[in-house]
Structures are given as C-alpha cells and as structure tokens.
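J.: For the protein sequence lines, the chains are A and B, in the order given. Going by my numbering, 62 is the number at position 62 of the first sequence; the sequence numbering is gapless. Going by my numbering, 244 is the number at position 244 of the second sequence; the sequence numbering is gapless.
For the record, the hints were derived by calculation from the structure and aren't laboratory data. One should not assume that every hint holds.
If you want a taste of the chain A side facing chain B, the calculated C-beta under 7 Å gives, among others [claimed, not checked]:
id : residue
1  : V108
2  : H111
3  : Y112
4  : F115
5  : A119
6  : T122
7  : G184
8  : L244
9  : L283
10 : A287
Now the stretches of chain B that chain A is said to cover, found in silico as 3 or more residues with beta-carbon under 8 Å [to be verified]:
id : region
11 : 87-93
12 : 273-281
The beta carbon of each residue, even a glycine, is placed where N, CA and C say it ideally should be.
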Amino acid sequence: MSGFAKPLKIALGLIVIAGLIVIPMNFNRYGLFILSQWAVMTIAAMGLNLTLGYAGQVSLAQGAFVGIGAYAAAIMTTHGWPLPAAIVVAIALSFAVGWVLGYPALRVQHHYLAFVTLAFSTLAFLVFRNESWLTGGIYGISNIPRPHVFGIATNKPLPFYYICLSSLAIVSVAVWWLIRSPWGRAFMALRENPLRAQSLGIDTRRYTLMAFAIGSALGGVAGALYAPLTQYIDPVPFNLSLSLDLLMMVIVGGAGFYFGPFLGAMIAVLLPEWLRFTEGYYLMLYAIAVMGLLIWSPTGILGILDRTMAARRTKAASALRAVAKSRLETAQ
Amino acid sequence: MSNLFDLLVAGLATGAIYALVAVGFTLLWQTSQTINFAQGEFVMLPAFLMLAAMHVGAPFWLAIILGILLSMILLGLAFKILLVDPMMRHGVLPLAIATMALAIGIKEAVKQFFSAEASPFPSIVPTGDISILGHAVSLQSIGVLVVAILAVFGLTTLLNRTSLGHQMQAAAQNPTVARIIGVPVERMILLTFLINAFLVALASLLITPIYLAKFSSGEVLGQAAFIAAIVGGFNQVRGAIAGGLLIGVLDNLAASYVSTQYRAAVPLVFLIVVILFRPQGLLGRPEERTV
Numbered sequence: 001m002s003g004f005a006k007p008l009k010i011a012l013g014l015i016v017i018a019g020l021i022v023i024p025m026n027f028n029r030y031g032l033f034i035l036s037q038w039a040v041m042t043i044a045a046m047g048l049n050l051t052l053g054y055a056g057q058v059s060l061a062q063g064a065f066v067g068i069g070a071y072a073a074a075i076m077t078t079h080g081w082p083l084p085a086a087i088v089v090a091i092a093l094s095f096a097v098g099w100v101l102g103y104p105a106l107r108v109q110h111h112y113l114a115f116v117t118l119a120f121s122t123l124a125f126l127v128f129r130n131e132s133w134l135t136g137g138i139y140g141i142s143n144i145p146r147p148h149v150f151g152i153a154t155n156k157p158l159p160f161y162y163i164c165l166s167s168l169a170i171v172s173v174a175v176w177w178l179i180r181s182p183w184g185r186a187f188m189a190l191r192e193n194p195l196r197a198q199s200l201g202i203d204t205r206r207y208t209l210m211a212f213a214i215g216s217a218l219g220g221v222a223g224a225l226y227a228p229l230t231q232y233i234d235p236v237p238f239n240l241s242l243s244l245d246l247l248m249m250v251i252v253g254g255a256g257f258y259f260g261p262f263l264g265a266m267i268a269v270l271l272p273e274w275l276r277f278t279e280g281y282y283l284m285l286y287a288i289a290v291m292g293l294l295i296w297s298p299t300g301i302l303g304i305l306d307r308t309m310a311a312r313r314t315k316a317a318s319a320l321r322a323v324a325k326s327r328l329e330t331a332q
Numbered sequence: 001m002s003n004l005f006d007l008l009v010a011g012l013a014t015g016a017i018y019a020l021v022a023v024g025f026t027l028l029w030q031t032s033q034t035i036n037f038a039q040g041e042f043v044m045l046p047a048f049l050m051l052a053a054m055h056v057g058a059p060f061w062l063a064i065i066l067g068i069l070l071s072m073i074l075l076g077l078a079f080k081i082l083l084v085d086p087m088m089r090h091g092v093l094p095l096a097i098a099t100m101a102l103a104i105g106i107k108e109a110v111k112q113f114f115s116a117e118a119s120p121f122p123s124i125v126p127t128g129d130i131s132i133l134g135h136a137v138s139l140q141s142i143g144v145l146v147v148a149i150l151a152v153f154g155l156t157t158l159l160n161r162t163s164l165g166h167q168m169q170a171a172a173q174n175p176t177v178a179r180i181i182g183v184p185v186e187r188m189i190l191l192t193f194l195i196n197a198f199l200v201a202l203a204s205l206l207i208t209p210i211y212l213a214k215f216s217s218g219e220v221l222g223q224a225a226f227i228a229a230i231v232g233g234f235n236q237v238r239g240a241i242a243g244g245l246l247i248g249v250l251d252n253l254a255a256s257y258v259s260t261q262y263r264a265a266v267p268l269v270f271l272i273v274v275i276l277f278r279p280q281g282l283l284g285r286p287e288e289r290t291v
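So here's chain B without its partners, still in its complex pose (with noise of 0.2 Å):
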C-alpha cells in the first residue's frame, strides 16, 4: 500500500509537468494548427541555455530568468515568425514535417554547442524526503507538482477569467468573429507562442534536475506530452492537463505492476484505444471530421 502511495506521487509530479507541455502542445494547436513535434525538443533546450548562462557566470536564479527569456525569444517568438507564419498556409502536415526537422536542428546544435554527455543540473527545491500521513515522500516530487499546479492555474485563470484569456480563447475558436469584433487576432497567436516558451521552459526547470540535462532528451518527453494531449482531448486545455497527470501515473504504475521491459506500451496502447474509441479525448468536444 505504501509502494501505492509512492508510485501515485511519483506519477503526479511527472505527470504535472507532462501537463504542462501538454498545455503549451494543446494551446498551439488551438491557436494556429501547429502539431509541434519539436516540443520534446523545446523542453529540453532551455535547461541547456540555463546551463550556458551559468558557465559564463550567472547566479543561478539570473540563469533562470537568462533561460526563460530566451526561450521565449528563440521559442516562442522566433519560431512563429521564422517558421510557424511563412508555413501555415500551406496546411498542417508541411508544418508539422518542418517541426521535426527542427527537432533534428534544436538536437545537433545542443549536441554541437554543448555536449553530448549528460550534465547535471541543479534543483530548484530542496532534495530530501518529508514525512506526509507517515509516509516518506520526496521534496523533489512535492516541490514539482506545486510550481506546475500553480502554473496551470495561473493559467487557467488567465484564459478564463481575463479580458486577455477571453480574448485569446476568441481568437482560437474563431478567428474571423474575433477579428470583427476588435480582437487582435495576431497579437493573441503570438502570445499563445509566448505562453507555450514559458511553459516548456518550466517544465524544463523542472524535469531537467531529475533526468538530467542530455540533448536527446526531450524524444522521450515530446511523446509522453503528445499521448497527454490527445488522451485528455486536443483542443481542451483542461483535457491536456488531465491527460499529462493519467499518463504519468500510468507511466509510473506499469513500470512496477506490468514490466519494466513494456512500460512505455501501455499509455501507447492507451492511446490508440481512446483514439479509436474516443478521438476526441476524454475531455474534449467533438471536432467535425473533414471528410
């Protein structure tokens, strides 16, 4: 039972930062028909501009400020206007070919730039355990699960109790209306972009100090932010949030309970059961099937 309680903490704190990307994966998506198959790729970069940040000196937390706007530059800011904007005429899947090649590009430059090692990176919380109802539970897990619920909510917040959120969500769901009515459409797409940057850059924050810094990192991440999104319901932020917390307590459950060997095949089995059966997602609402 106290293994239970262990492996259900362990799969929350994953699972909120898969959340997380997920979020970010969901906004884009909503915002500008972008399936980001780099995203993977964008949670692992920012740890490394961190990293670089603190090579040439920084104290940490200047690191973390360094990397966060960066990567809100170079990802958010950047990728909309280099790549997401000449592309998005022309449909989705050419864009979605042309983010994974810059998942190959983002991969070797960190490969290049930096290394091809595993680096360390420091924690942000306190490593130790803390006792909760007599069981030991790590500062780690608790610490993550904190900082990526009060992003979420932070966020929810902002779409759904703001100008600004109602805004955006207008310019998602109809971007004709919106503009008729005086939203500035491109602006809040470029925020979505902003948003998504600061999300995987969190993540980043928080995903880095337990599986450490590796330029091919973020293949493992991308998919487990992917099956999160299209699990809890693609065009429901509330869906993807669900969705990364399900899937990293199942991620968590069949390594102890199935086998090791077969862990990823159950939130992939997963997710082509609920894709069949349920494609939508289990949150979302149902999208009319382009016939």
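So that you can see chain A by itself, here it is in the shape it has in the complex (with noise of 0.2 Å):
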C-alpha cells in the first residue's frame, strides 16, 4: 500500500469509533438494544473467526458456550456477585470447556468434526434445559441485574451500551495483539498445512486446543454481556441455531479477515431490522441474500473487496511492468 493509505485508515477507524460513540446518543431504547446485541454477537463471532478463520477448525457449538457464559453470568449476578467477577468465571468456564472441546479436533477433522460440536452444542441445550434447579429450566432466570461502573448504574439502555461497546474495544484488541503474536502465526499455519507446521516445530496439538480453547471464551464473554443486556434468559436462544447463525456471521463477514465478524454479526443482527418493512419475508430475503452471496463470493464480503483489491494490485504491477519494458526496449 501506498505512503497515505495508512492515514487514511486510521483516520476512517477513528471515524467509525467515533460514529459508535456519539450517533447512538440520541437512539431510542430498541436501536440502542440493537446496537449492543450487535456489539455483543460480534465478540461471539470473533472467537468463532479465531478457531475457525484463523486455526482452521470448524465449530458448530459457539451459540453454546455464549449460553455457558450467559448463564455463568447469569447465575452470580442475581446471588449478588458483581459483574466482572462473572465475567471472569465465564470466561474460565468457557475455557475450560472449550479446552475439551478441541480434543475430539485432535481425532477428527472438518465435517466430522462439525458434526461434534454439532451434537455439544444440542446437549448443552439440554442441560440448559433441564438443570432447573441450576438454571431455572424452560422458565429461565429473570431480574438479571446490569452492573454500576464508577458508582454509574448501567440501568439505562445507553450507559449499558457503552459498556458493551467498551468490551467490544478490549476484544478487538487483544484479538488484534493475538493474530499478530507467534500464537496468531501459528494458528494460521494450522489451518494452511497442519503436517508442515508440526514439522516446523509447533505443537500442534497444543494450538489446536488452544484455539478452541480462546474462542470459546470470548463466546463466554459475549455471554456474560448478553445476560445483563436481556436481564432475562430462558434455554431458547442458545439452541442450535444460534451456533449456525454465528457461523453464518463469520462465513458471511469473511472467514480469517480481521473485520470479518464485524461486517458479519452487522448483517445479522441489522439487516433484519432494515428489512423490517417487509414484514414476515425478512428472514426470507436474509436467507435468499445469504445464499446469494455465497455463490457469488464463498470467502465473504471481505473476499469481494480482497480480491478487487488483489486485481488492482496486479494490474498496476503490470502497467509498471510494461512501462518498463517499453524503456529498456527503448533504450536498447
């Protein structure tokens, strides 16, 4: 890229941060209930980017560890533990249970693979389910209270909304400062040549578990915001197809692109809104919409622009390469 691209970059970032910050201030309660959810399911999305864009390793349970979390968080906030401490017990359980997760990726691959975390993901479902004396059954848990920050009460949709918005900062964050560290390299070694990468010297076998392992977690993180955000939470939401639809915010978005789940979770979670006006055909036309774009670009929206910009690359590479070689010729 050229000298001013990455000003330019910058500058749009701050722009759209900014946008995030202030646009919502005058929003009614459901836009900035929307706006959260979008913040919260994009920090689900991008666990599930990190284990499948990234390591390579499909996972159809992410919608249960945001359930894990949700209820984690769900559970000690209404037996009047703070917020934060949840969170951290969510994240360790999601961990942990992501941890043995990867195991059966050590066995199996790709579409066996999907289907065991396919099956977690229905018996966490289960468990959620029929555990009431844990998690209160088909009647769920209400009354989850929101946290106060700096002596701030978060009750109100737009304080709440920072805090997600916050959250979503810190993730970008350390999932920026992760794909860039040797665990992020090794990652993606693990998805483009598993053999090679072992002969390489990485413990694959540790990356695989890892990858699982953090991805889950940031979907136990999205949990533990989701809980507070709905102050309600019954089994329904974290059933299977909250996984597939994760997955579709990835694959949509752009698998193993950085802003991927960003642009995904969007789609997701906005364009049904904006598709409000036609009533019962939104999910219809979201599907349709989908499918649409899978065959046009299977990589994602992101895949569209990487490769239009890849093309141009190539193209002024060439008119450089031919301006070149007119010279020489002329000067022979």
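Now that you have both chains on their own, put them together as the hints suggest.
T.: Below you can see the structure in the form of structure tokens.
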C-alpha cells in the first residue's frame, strides 16, 4: 500500500469509532438494544473467527459457549456477585469446556468435527433446559441486574450500550494483538498446512486445543454481556440455531479476515431490522441474500474486497512492468 | 416384555423413516460432497406441497403424486442447478453454510405462505391396531415399516443390480475414471439429487401423519438423519440404513428407560462416541484423513 493509505485507514477507523460513540446518543431504547446486541454478537463471532477463520477448526458450538457465559453471569449476578467476577468465571468456564471440546479435533477433522461440535451444542441446550435447580429450566432466570461502573448505574440502555461497546473494543484490541503474536501465526500455520506446521516444531496439539479454548472463551464473554443486556434468559436463544447463525456471520463477513465478524454480525443483527418493512418476508430475504452472496463470493464480503484489491494491485504492477519493458526496449 | 416389543416396533418404524432421509443424505455426500443442512426441511416441505394441492381441490392420491413431482423439481433439480452447481467448486464448508441459509429460507417460506400452526395430515395407512403374536401393533407402524423397507430395497436393487446403479456408483467413487469409460457423470449426479428428493418426499408422506405438518418439524428430523448417517457410515448406503434403524430404536428405548428429558441426549452421546472411536461409522470404510 502507498504512503497515505495508512493515515487514511486510521482516520477512517477513528471516524467509525467516534460514530459508534456519538450517533447512538439520541437512539431510542430499541435501537440501542439492537446496537448492543451487535456488539455482543461481534465478540462471539470474533471468537469463532479465531477458531474457524484463523486456526481452521470447524465449530458448530459457539452458541453453546454464549449460553454457558450467559448462565454463569445470570446465576452469579442474581446471587449478588459483581459482573466482572461473573465475566472472569464465564471466561474460565468456557475456556475449560472449549479446551475439552478441542480434544475431538485432535482425532477428526472437517465435517466430522462439525458434527461432534453440533452434538455438543445440542447437549448443552438440553442441560440448560433440564437442570432447573441451576438454570431455572424452561422458565429461565429473570431480573438479572446490570452493573454499576464507577458509581454510575447502567440500568438505562445508553450506559449499558457503552459497556458493550467498550468490551468490544477491549476484545478487538486483544484479538488484534493475538493474531499478530507468534500464537496467531501458529494458528494460521495450523489452518494452512498442519503437517508442515508440525515439522517446523509447532506443537499442533497444544495450538489446536488453544484455538478452541480461546475462541470459546470469547463466546463466554459475549454470553456474560448478553445476560445483563436482556436481563432475562431462558434456554431457547442458545439452541443450535445460534451456533449456526454465528457460523453464518463469520462466513458471510469473511472467515479469516479481522473485520469479518464485525461485518457479519452487522448483517445478521441489523439487516433483519432494516428489512422489517417487508414484514414476514425479512428472514426469507436474509436467507436468499446469504445464499446469493456465498454463490458470488464463498469467502464472504471481505473476500470480494480482497479480490478487487489484489486485482487492482496486479493491474498496477503489470502496468509498471509494461512501462519498464518499453523503456528497456527504447534504451536498446 | 410386551412394552419392549411395542417400543421396538415403534422404534423400527421411525428408524425406517430416518433411514430413508439418511440414505438421501449420504447419496448427496457421495456424489457431490454436499452436506445438506436443509435435509430436515426437505422432509418438512413436501407435506406442505401435498396439503397445498389438496387445498386447491386435488384428491389425496393426486396430491401425493403432485407433491412428489414438485419436490423432485424443487428439491432435486432446482436445488442442484441453482445452489449446488455454482457452489461445488468452492469446497465443502461454503456449500454447507449455504444449505443452512436454505433451511432458514424454506422454514420461513412455509411459515409465511402456509401457516405457523401445525396442520393435521392424512395417513396413507389406515389407523387402528392389529394383533401380532398376541401384541397389539398399530397398523401405521407396520405400514410405515413396509413402505420404507420397500423403498430401501428398491434403491439398493437399483444401485447394485442395474447398469444405471453401477454407473451411479462409479460416478460417486471416481468421477474422472467414470468419465473416461463413458459414464455420463453429470447426469448421474443429477439422478442422485432426484432420488434424494423422492426419498425425502416419501419420508414426508410417512412421518407427517404421526408428527403433524409444521414448519419447524424439520429441525429434529434433520438432526436425526445426520446422526443416523454418521453413526452408520457416511459413505455407505447400507450404513445409513442401519444407522437410521439403530437411532430410531435407541431414541424410543431412551425415552422410556433413560428419561424423557434426556432422550435426545442418548443418540448424541452415541454419535460422539462413534465419531471418536470409529469415525468412518459402524459399517463405513475408512476415508483417508485429509491433512
């Protein structure tokens, strides 16, 4: 990229961030709820993007980890624990369960792994539904309190939106750092060529488990924010369709692209709202849009961008080459 | 003891339906590496097509024929040409995700154009009980079992005894060589899609009188067929049949001997155990692991 592109990118990023802080100030309750939901789902999708997009391990269980995080937060905060403590527990729990779920990935790959995680997802749902002594069963848990931050109550939608947004910011920075660290490169090596990664001395076993555990932990974070956001949880939102939705978000946005989950979650959470004027047809239109997009670009929206950029760069390079060649010929 | 017998018969009947769906599922996987996450919705839709035909005045037998034909056009031909063909070269995962979107689309379309409520559906088998070895067995279970067994038997005969079937198997196992020896591979793949559409329409006809026609009923069915296909062997038709029967029986036994709350967990745990210790399925041949 040329010299001015980087400041331009930074400026664009700052504008988007400022927009996310300022514009929602005069949103109504529902608009803020949807935006908060976008932030929460982006966190969960980022976790899945680490597991699937960077480390190449198919998981159909991210929704279950959102559920685990949500129940951990709901149970703890309704028993008087502060939310940060609940988030820590949610992370630890999802990390541990995600680590264990990673073990099948050491034995089986691709569609088999997808089916194992799919089964796990449904099992987790059954536990949420049936263990009423812990989770309230089908009646769920209500009156989940929202936290006080620096003495400010976040019961109103706007302050809580800022909590979701700042959590998203923290997670984004952490993931940005992670994928640039040696770990992130090890994940990508795992995706591109596990055999070669192993022969280069990467402990593929450990990194596979890590990819699952860290991705799942982010699902847990998202869940721990989801519970106080809705203030009421029951098992239904955490069934298999949430896992499938999250997977669709990652693929539609662009798996393996840093900004993929942001876009994917935006489309999955906001597009149905924009299509609301079509009444009952909006999910149908959403499904058709997703299929159309995947036919056009299986690497998602950012895949299109990536390809046009690459095409432009090749074009520019070949133009330069042509110029250089003609110069050489005239010089002779 | 009589309880166990009843459970076995009922389990075999649902299992036979699962087997039909699972066989179609494995056929698509073998010929075109399609993991069809919409398979459950494929079973749900034909019943509504038949109901729609009856709404406009067609008698039941005509509605059945129309429903099967329509589902072969929509779920066989259109599914292959509009979704699978353009996606096939992109690999397994994007296509699988596209079928997930298709599942949402079908569900929503049925909810929107038909009804969100469950509708009753006439049975092709007369209701009532007959007595076998001193046990009262519902005619419906027997009828379902007989039709499903005939369908599976017909399919295996087609695959193993006819030239067409051999060509289909060749196209599935090694498309390049099949093409060289003159098998019209494309036509064979299309044929498997049509067979799958026929099987799901048949399954729809058999299972809907038992569970009612509802837009969301595909979810449970699709998952059961998945599990059946994998447990039995993802790359074998007879594996899918065995898997279907096994899951049907297991499901029914679990409901009465384990707990109604966790009945759905038993096949899932079984699935995980099978994948971990015998990933090729109980009857499947091992696939090389793509590393």
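J.: Report the numbers of all earlier hints that the structure fails to satisfy, in ascending order.
T.: When the structure is compared with the hints, only number 7 turns out to be violated.
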